[in-house]
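**Q** We have chain F; now place chain C with the ligands onto it with these hints.
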Amino acid sequence: MTHTSEELAAMIVSVSMTVNGNATTLDVDPRCSLADTLRDSLGLTGTHLGCEHGVCGACTVLVGGEPARSCLMLTAQADGCEIVTIEGLSDGDTRSPIQEAMYQAMSFQCAFCSPGFIMSTVALLAENPNPTEREIREELSGNLCRCTGYQSIVAGVETAVEILSSQNILSSQNKERSGQ
Amino acid sequence: MTFEATNAQTSGLGFTGQSVKRVEDDRFLVGEGRFVADINPEGVLHAAFVRSPYPHARVTRIDVSTARRMPGVVRVFTGSEINELTNRVPPLASIKGVYSPLYTIMSDDVVRHVGDPVAVVIAESRPLAEDAVEQVVVDYDPLEPVPDVDRAVEPSAAQIWPKADGNVLADTTDTFGDINDAFTKAEVVVTERFDSHRLTNQPMETKGILAEVDPATRHLTLHSTTQAPNVLRWIAAGITVNQGPGRSLRQFAVNKKRRKAFVGAAREFLKDQREELRKQDPAAMKTQRKAENAMGTLMRMGLGLLAADDFPTVKTADIGGGFGCKGAVTREELTVVAVAKTMGRSVQWIEDRVENLTNGGQAREERFTLSLALDRDGTFHGLRCDAVIDHGAYPGFPFGAAITSLMWKVYMPGPYDFKAFHLETRIVATNKGTVVPYRGPWAHETWVRERLIDIAAEKIGMTPGDLRRKNMIGDDKLPMSMITGPDLDATMSAKKTLERALELIDMDQLDRDKADAKQRGHRIGLGLATYHEAAPGPPNFGDSLQPGNAMLLFEDGRATVEEDGRIVMYTAQSPHGQSHQTTYAQVVADEFGVAMDDVDIVWGDTDRTPFSVIGTGGSRGAPMGAGVMRSTAREVRRQVVSVAADMLEANPDDIEISDGTIHVAGVPARGVSYADVAAKAKSEKGITSGPVFEHVDRYTGTGNGGWSVATHVAVVDIDLETGFVTIPRYLVVEDCGRIINPAIVDGQVRGGVAQGIGAVFYEKMNYDESANLASTTYMDYLIPTAMEIPAIEVDHMETITGGDGDSRGTGEGGMIGAPPALGNAVSDALGVQVTELYLPPHRILELAGVLG
Ligand code: FES
Ligand code: FES
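Chains as they are written, first to last, in the working numbering: chain F, 1 to 180; chain C, 181 to 1032.
Same shape as in the complex, but just chain F (with noise of 0.2 Å):
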């Protein structure tokens, strides 16, 4: 099947979408993944695409608060949403709690899988601020590392359960003190 120039034009989509804060307004072609658009359109590379099918987890991002794989998801079903990616989690070259995490624990060799396991994690500590070995182990299946056998990022995760919680008391011992 072969199109026209004006055939294709005519099928471009025009997709909003708030990106790490950001609001955007892009025209893109309706077969697009999200994890293009957020790449070459965006230069958000720090999304990875490692298998482009599904299985590897190297993509994820946060679509409204969830995990979702960005390689499978057409941009223009991201219309009206909210992302996050890895470079919406730091502030500048300060890292968030869970990048400092993983940074202690050395979590990482390549990195190339990091983004997607920091997303999942973000993910999975929202939902379950205090998760066990094995419920990390199984939260994180979603997302293949070929070069750690996987032990540093679990302890990452397990770090960034101390630093978020110690956090909170933090936090919330000074709601108490300023009399909240």
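Please keep in mind that the hints were generated in silico from the structure rather than gathered at the bench. Be careful, since some hints might not be right.
To be verified - FRET-style restraints, in silico, Cβ to Cβ:
(1) 696/C x 138/F: 39 to 45 Å
(2) 441/C x 25/F: 56 to 62 Å
(3) 838/C x 126/F: 43 to 49 Å
(4) 1030/C x 170/F: 53 to 59 Å
(5) 170/F x 699/C: 45 to 51 Å
Here the structure is a predicted model, which is why all the values come from computation and not from measurement. Note that beta-carbon positions come from the ideal geometry of N, C-alpha and C, so glycine has one too.
**A** Using the frame of chain F, we list chain C with the ligands on its own:
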């Protein structure tokens, strides 16, 4: 978990030996890594390949006319058009007795495996290129496929390479010691056949290349995922100079500058390597010469290189794993280079996962018949092995299946005291994907040997631990040489790791666990495996493989101090996950007495970084790579100290450096900084640009080089209802000498073991009986997840013999030790002797007698 070590600490504490946090993570964890797919210059074109759906067929017609008219398509090249632009790929490493077929960059007449590229579309985007690929019409005349080695050697089988001897590309025999005597003398001979299945490396980042053309000069810069930038540079240059030798010679003759440079370099090389060149075995080329004129192709390429005015620059940025497959240069990469050069346009190709599974490098489909001759008291005499390697169709470049047999020849007796060893290997072509080195490419010599030792132990009524202990070479026998040549010294501490591992196992508890498991309908078993790995190996290791090889085993490096006092180190390594940036900064900061933040490590840029034919591979990053960092740093430190001593009016011997301050011992308050010394030296030496201090070194290792060793212990728990295997305990006792960064070493070991677990229980390239490939996605090729890989204990022993640095390699070992430890554990659990590598649930149930 301890968090105290950070790279802001200074040398007073010493970075080496601490789990310092990774420098690389500053960019990776916030999404700022820069992988090849992330580099997208304006106007770059994208390539997509037309590939054969047949395993073996003749290409009768190819019609690209519709594809050429598709939207966004800039050009379509057929295979023969590409082949006109390029030379054939010659064998680079000639191995005695091995015929390595010459092949074209694309298949224009015959396709030899599923996925063989026959044409390439160049378009404005990858999706548009892929749309056009669908429109290329190729007519094939199917030929009989050769699906496996059994079929391949039958006289009626189709012949894949016309100039080979049938489908047998190599038939080699090596004997060490008096093998007949060993087998006649022995009281018992245990013989078994072992089969392993085809695997694939599968880094999470596929391969990729961006051939960027400078519009003004037409100079090519190749951004690549290569483990060996210089190999890619030279082969890319050589392949794309397709012109007659006469023309090349004339061009060379008139270009005075090149001629002079070449003659100078050649003279120096000949002078340095006279000894090694003399050792080269002329027989290595013989098989090749007999079959076809590889020399002619090499000559054509070589002369083309002499005539070429410009060589591509190769750059590597961040690389997402490789495990050997990114050391290979693929036909797709070379196609992209040829296309970019011809069109004068930048072209990118990022392999997709289906391509990577089909065509990105496979490994380890092998068969062994192994015999062990021993006495009833367990004393080993001899080992005999007959092996067959399924080579696939095309030889890997620069290293393919043949390198495996060369390694087996040296490694197979392992850390045991054998009196004789005999190896016969046949390398057989089939219509399957290309075999490339995969993490410890020779690994299966350990798998079959360690498996057979357990079988022998059962036969003579000894425990596997005792039989190993009896025959393993220990301190009482060291130093000595392996029967196959390489020298063994105290670093070959395999026996110590075995003893330590046996100490760490509670056999009584294991017996209780076994009894408990039976109650639950489960079976528990324990397996041991011990190996030794030359990392980097003794000085005679290279020559033991093939005389003259030692000449390749060096590592170049460069250290500088810039005018602002920064220390900049240049390595020939091409890191792809091994944390070189961190470990090298640790070593260098310690040498210079500065913070790690004061050190820059530069890699992966052939314009700036040193030459290496290996790059990163062979577990050489710590011994050789860090070795040259240390040796060059030490010399530059000496230069700095000598200038500082003048400034401080002191004797250089009295100078110390702490926290980046260079001072007289005991008087840190009156010191100078690196920037001060650099400023002084700059004005004194009248330097106007470039580094103030500099040293370039060729490092060949110090002392005896040494061995890396380990004993693996696996405990498996098998559910007899499902056939599912869990691993309640996995222990590695390893000795890689002085550890630079323990967390990084642990990561290497665990990652290797995880791949071994995958190889045994989950992963398999499934070619059917017609050589069609069924494993083209991750739904079919199962990479283990966090659910399947257990926690892995790593116990370190650090044998230090006093060599400089004394850190030995550890990248490959995990993958070497795991398959036999697991096979032995499953055998112990089920009470049967397992002889195949692949043990998926249904096979476990068959072995357990649950399934008929
Ligand atoms: S790239 Fe999306 S799951 Fe692998
Ligand atoms: S760190 Fe390399 S794939 Fe996970």
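**Q** Would you mind marking each hint as holding or not holding in the structure?
**A** For each hint, the structure was consulted:
{"no.": "1", "hint": "696/C x 138/F: 39 to 45 Å", "result": "25 Å, violated"}
{"no.": "2", "hint": "441/C x 25/F: 56 to 62 Å", "result": "57 Å, holds"}
{"no.": "3", "hint": "838/C x 126/F: 43 to 49 Å", "result": "46 Å, holds"}
{"no.": "4", "hint": "1030/C x 170/F: 53 to 59 Å", "result": "55 Å, holds"}
{"no.": "5", "hint": "170/F x 699/C: 45 to 51 Å", "result": "49 Å, holds"}
In the structure shown, a violation is registered for the earlier hint numbered 1 alone.
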